[in-house]
Amino acid sequence: MSEVKHLQTPLSEEVIAGLKTGDRVLLSGVVYTARDAAHKRLVTLIKEGKNLPFDIEGQIIYYVGPAPAPPGRPIGAAGPTTSSRMDPYAPILLAHGLKGMIGKGKRSREVIEAIKRFKGIYFIAPGGAGALLALCVRQAEVIAYPELGAEAVYKLVVKDLPLFVGNDIYGNDIYEIGKKEFQIASCP
Amino acid sequence: MREIKVEELTHTVKRLCQEACVYLNEDVEAALERAYILEKSPIGREVIKQLLKNRDVAKETGLPICQDTGITIVFLKVGQDVHFVGGNVEEAINEGVRRGYEEGYLRKSVCHPLTRENTKDNTPAIIHYEIVPGNEVEVIVMPKGAGSENKCTATVLTPAEGLEGIERFLCKTVEEAAVNTCSPLIVGVGIGGTIDKAALLAKKAILRPLGEWHKDNKLAALEMKWLEMLNKLGYGPLGLGGRVTCLDVHIEIFPCHIASLPVAVNVQCHAHRVKKAVL
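The listed protein sequences correspond, in order, to chains A and B.
The first sequence begins at 1 in the working numbering and counts up one residue at a time.
The second sequence begins at 1 in the working numbering and counts up one residue at a time.
Calculated directly from the structure, the hints in this document are not laboratory data.
Given the structure is predicted, the values throughout are model-derived calculations rather than measurements.
Heads up, some of the hints might be wrong.
To be verified - Stretch-level coverage of chain B by chain A, calculated; a stretch enters the list once three of its residues show a Cβ under 8 Å from a Cβ in chain A:
(1) 57 to 71
(2) 179 to 191
(3) 264 to 271
Stated by the list, open to error - Cβ-Cβ distance ranges computed for the label pairs, FRET-style:
(4) E33/B with E3/A: 19 to 29 Å
(5) H128/B with E3/A: 44 to 54 Å
(6) V157/A with H112/B: 28 to 38 Å
All C-beta atoms, glycine included, are put in the ideal place defined by N, C-alpha and C.
Model the full structure from these sequences, guided by the hints.
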């Protein structure tokens, strides 16, 4: 396993080009949250040629629906949700300038191709580690769709969010590589 | 006849919702610690390390283990000599869920299936009632996240497909689940009954403490065989590659019609949240 890479958002093309599938990353800076309902709205706006509630150029979207913030904390538990539900929307967002995505789980062929083509990056956060990840969130502010509750778009400021690179610009997929290395037998 | 106030149910359900979402049970902790030793993949080990750290952070801060605090599943075993007084049992349970989620800062994730409008208080709970001998009431609360529940399966095989058919169905389900759910997984296999019975058996199977094999030796041997089979697939923690794809496989069976073989597989993530109380 590689040494941990400390990254600061926004990510430059050079930094992204230096990331390889399987790399361990500690990410700091601004990320935006969005999941199912918000993605549907963002992509509808793009298709209608309208402005988005935030500029996605060069930004990172974290697929998360956090738990409510208890008193004295910026956010409740905040682990990743399953990325594949965002697969139908991700390529169009990447085509419109989105650079990175954080979630959990394997991406579709289309998304992996779009990551390659638009030089993006897909990070995997430890699924089911919502308390640990919440401690990395220093600030949280709802910037769009408050009526969606946990599905609203938040602007988060994170410090040392622990991630793995899932898909890089070279077309590598951690889910294929990892399985190949440790598989002993196939299904009957 | 023993009288129990439904208000007690409300208080108990509220408490169990909050405890389940924050504190892992000892059997799950032990299974994760064992997984850390067994796992060969460095990334897999790193993931397990993060999960154990997450458990500690949840304990220290009171933050939920996972932000998906689930749809609330309640298993109620009611002694036949119990008489509930002071209100409606179902409403009392839902009131417990409502208070538990609101006061515990838990995420409300329940919505209308078609309009997708959130009910805003995580009700209604999914309640399974069972009447048993005695004058006690057992309450089990299991908040179940969608990441794992979305990958559960059920089918009706032909008797000719038999054990091999079940094995193939189980393996295919885990293959589909391993790269999207929060593995290492706990897998419940319900065999027999009818399609609905098999689904419930599969869910009840995951309630059995981890590390505890089926009391029937033949079924226990099958559980060991299937756990070994699934851990040879190479998916590992979070599907990133490794040896520990599953923490445990639990089977429950029930007689079925001579012409059918219902099978259900319930997939549970490592954030296996279950709390029990007896009234």
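Taking the hints in turn, this is what the structure says about them:
| no. | hint | verdict |
| --- | --- | --- |
| 1 | 57 to 71 | holds (count 11) |
| 2 | 179 to 191 | holds (count 4) |
| 3 | 264 to 271 | holds (count 3) |
| 4 | E33/B with E3/A: 19 to 29 Å | holds, 26 Å |
| 5 | H128/B with E3/A: 44 to 54 Å | holds, 49 Å |
| 6 | V157/A with H112/B: 28 to 38 Å | holds, 34 Å |
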